[in-house]
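A.B. asks: Protein chains in written order, with our numbering: chain A, -6 to 388; chain B, -6 to 388.
Check the hints yourself; a few may be wrong.
[To be verified] Derived lysine to aspartate or glutamate pairs resembling EDC-like cross-links, with alpha carbons at most 20 Å apart: (1) B:-4 to A:346; (2) A:23 to A:12; (3) B:28 to A:67; (4) B:251 to A:253; (5) A:28 to B:60; (6) B:-4 to A:222; (7) B:178 to B:207; (8) B:-4 to A:6; (9) A:28 to A:222; (10) A:-4 to B:254; (11) B:28 to A:6; (12) A:28 to B:67; (13) A:-4 to B:222.
[Stated by the list, open to error] Here chain B is said to cover these stretches of chain A; the calculated rule only asks that three of the stretch's residues, wherever they fall, bring their Cβ under 8 Å from a Cβ of chain B: (14) 244 to 255; (15) 260 to 274.
Hints are computed from structural coordinates only; laboratory data are not their basis. Virtual Cβ for every residue (Gly too), placed ideally from N, Cα, C.
2 protein chains.
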Amino acid sequence: MVKRNPHFAGLSEGYLFPEIARRRRALLEKNPDAKIISLGIGNTTEPLTPAVAQALELAARELGTADGYSGYADDSAGLSALREQIAAVLYKGRITPREITISDGAKCDIGRLQILFGGRATVCIQDPAYPVYVDGSLIAGAGGGLQYMPCRPENDFFPDLGGLKRADLIYFCSPNNPTGAAATKTQLAELVAFARQNKSIIIFDAAYSEFIVEQNLPRSIYEIPGADEVAVEVNSFSKSIGFTGVRLGWCVVPQKLKFEDGRPALPDWLRIINTLFNGASNIAQRGGLAALTPAGRRETQNLVAYYQDNAKLILEGLRQTGIQAYGGVNSPYIWAHFPGQKSWDVFEKILNEAYVVTTPGAGFGPAGESFIRFSAFGRHGDIDAAAQRLKRLKF
Amino acid sequence: MVKRNPHFAGLSEGYLFPEIARRRRALLEKNPDAKIISLGIGNTTEPLTPAVAQALELAARELGTADGYSGYADDSAGLSALREQIAAVLYKGRITPREITISDGAKCDIGRLQILFGGRATVCIQDPAYPVYVDGSLIAGAGGGLQYMPCRPENDFFPDLGGLKRADLIYFCSPNNPTGAAATKTQLAELVAFARQNKSIIIFDAAYSEFIVEQNLPRSIYEIPGADEVAVEVNSFSKSIGFTGVRLGWCVVPQKLKFEDGRPALPDWLRIINTLFNGASNIAQRGGLAALTPAGRRETQNLVAYYQDNAKLILEGLRQTGIQAYGGVNSPYIWAHFPGQKSWDVFEKILNEAYVVTTPGAGFGPAGESFIRFSAFGRHGDIDAAAQRLKRLKF
């Protein structure tokens, strides 16, 4: 008979968000009238902006016409115009269009990067972290060489690189999910120098880059000189323009990034894109293109500002209870500390006493224990109500 | 430094379709006025049908409204309504909605199935075959245990199962890409019996099932009793409703399908869907739902009939040159035999003398040598013109 893939045995039971959904349902079964507000999963709630929605609608309509129909793109790596606009508008020319591949989202690209590097690669992962880095690495078979890099208030949520063994891959997310910490240029320069010295490759997740408001914080790893020799970058339209359901992201694999044998990584990456992926939806790509016009960019800024206002409300609510909270400024996530308490216990308390769904920090890794992640994605009214309920809790 | 993933070294140079695109560009550089007609890649050309296009347009419009907006779905496995309709309309209740996961296309699902089974699985693959089975298996690391199952006119394009060593996975595509052969119930029953006896798992690719016109030919492996214990099935909206660019497909992993240790495969599959995929575009899913209404089904039949008429034109054109051609009845592909000739040579001859792009059979595997695949996806006028040009060729 066919053996179960042994890599699955190493996964912890239940992916984090389905488990949260299960507990939410359990509350509703017990108390069907509970008016639950979700600050859990980072799911956008606001309508698409006019420029983007109209572009999607037009793209859909054109597909119903003989002149406007399109099937497979000429290139699975994505529409040339979109790759050019991402290079020009978001990377200001630091990256060329041919180094950019368009995808159905950052999570999917991370999975494909794990295929690119394979199960023999050793990996370092921030702790806490987006679960896909660890679970995806385990599924790929990289479990043997997995190191955590603890990120806590004591180290300003930036890992102590000096204490690490060399690894092939370093996952790094900034602005960070879940801690909300946005790395400074000095910190990222230290990370790049460390990768160059160790001949490691950084997988830089910049999915929240549009939430950066403070001046001088880098929005891309490629703002650090030399990063294009040691880093790939994934990013997404999900959180910035509300495409969590529409599905659109991109990945940068610079031409200067090379393997030990001197071969560039980009051709192998394009081989994966051609072989195991067939391009992002042509409708979604038209929406992405609209979002990168000057009008689209202004709308994106307003949309992001809406969620940033939410983050302020949550931060204020938490601070009135005396809880120390981090993040929420250059990030849609607030990372609240409950010293001495288990985060699943705090999750249950907040769920059952305030009817607010959060995400227990322990779900993001060992160093997330005693923390709770609050997501600022939601309607103002809901967020305001949740903040009021939080203020009344005694921890 | 980071080592190149050794699995990539086993891949042949250049994925088939990019190589064809390169040769097409080379002709245009030499002869910019050449009016090239493509019967190469299986890319749909006809506009989406009204029911589907209107559903996509409405879905896009609603995303721009507060009430109609949606982000991440509750379940990465797809809209409940779509899974229910696929189970009811296309599987007539043989498969339950929870055994169905919605995806961005069959190619992507095949890649994820290769992650599910891992690189230790031994595999049997029809020869010729859609390149993704071989290339994806090699990338996953399954190169060591790869067996070809030759499918030729002599065996009615159905493999001689008796001569095979046992393998974990058997890739089988019907109606077949590229040979155009649609397996009979008797043949599929033999395949299922073989898999049950050997305790193998069939990966059944039914992406062209809507092209079946002849009575009594199975459209799903699950029409064979007992198949739900030994087969997963992938399928797609790409070719049936013209979603090659919109991206929508599905996969069936039956609850009865188990690994050696008695564990069902479905939870591991759902883990992959949750961990490395975030659901198909919510716009595309609404289009799929519209295609499964009675009106949508009628439109699909008309759309498929359009391409089937094209296939007849190509078959007639080829037969007038005395070329033996297969397929093209229950499939959009015609598989033409040029005994004693190399298929890349025939490809070049047809490209340079008739300005018609085809696909050389050798690109689909060793047994594809001396064959050419003609795709029936195209506008009637173009297909007719291509058929006229083909008639004038001397082979």
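A.B. asks: None of the hints should be skipped; say for each whether it holds.
C.D. replies: Hints, one by one, checked against the model:
For a cut-off of 20 Å, the pair hint linking residue -4 of chain B to residue 346 of chain A is broken: about 52 Å separates their Cα positions. A hinted pair counts as satisfied when its Cα atoms are at most 20 Å apart, and residue 23 of chain A with residue 12 of chain A qualifies at roughly 17 Å. The straight-line distance between the Cα atoms of residue 28 of chain B and residue 67 of chain A is roughly 18 Å, inside the 20 Å bound, and the hint therefore holds. This hinted pair does not check out: residue 251 of chain B and residue 253 of chain A have alpha carbons roughly 40 Å apart, beyond 20 Å.
With a CA separation close to 18 Å, the supplied pair residue 28 of chain A and residue 60 of chain B stays within the 20 Å bound. For the given pair, residue -4 of chain B sits about 15 Å from residue 222 of chain A by alpha-carbon distance, which is consistent with the 20 Å threshold. Between residue 178 of chain B and residue 207 of chain B, the direct Cα distance comes to roughly 12 Å. Compliance with the 20 Å bound is thereby established for this hinted pair. Using a Cα cut-off of 20 Å, the hinted pair residue -4 of chain B and residue 6 of chain A is violated, with the two alpha carbons roughly 32 Å apart.
In summary, the hint linking residue 28 of chain A to residue 222 of chain A is not supported, as the alpha carbons are separated by about 51 Å, beyond the 20 Å threshold. Straight-line distance between C-alpha atoms of residue -4 of chain A and residue 254 of chain B comes to about 7 Å, which keeps the hinted pair within the 20 Å bound. Taken as a hint, the residue 28 of chain B and residue 6 of chain A pair is broken in the structure, with Cα atoms around 58 Å apart against an allowance of 20 Å. With a C-alpha separation of about 18 Å, the suggested pair residue 28 of chain A and residue 67 of chain B falls inside the 20 Å cut-off, and the hint holds.
For the suggested pair residue -4 of chain A and residue 222 of chain B, the alpha carbons sit about 15 Å apart, so the restraint of at most 20 Å is met. Only residues whose beta carbon comes within less than 8 Å of a beta carbon in chain B count, and the stretch 244 to 255 of chain A has 4; three or more means the coverage holds. Only residues whose C-beta sits within less than 8 Å of a C-beta in chain B count toward coverage, and the stretch 260 to 274 of chain A has 11 of them, enough to reach three; the restraint holds.
When the structure is compared with the earlier hints, violations turn up for hints 1, 4, 8, 9, 11 and for no others.
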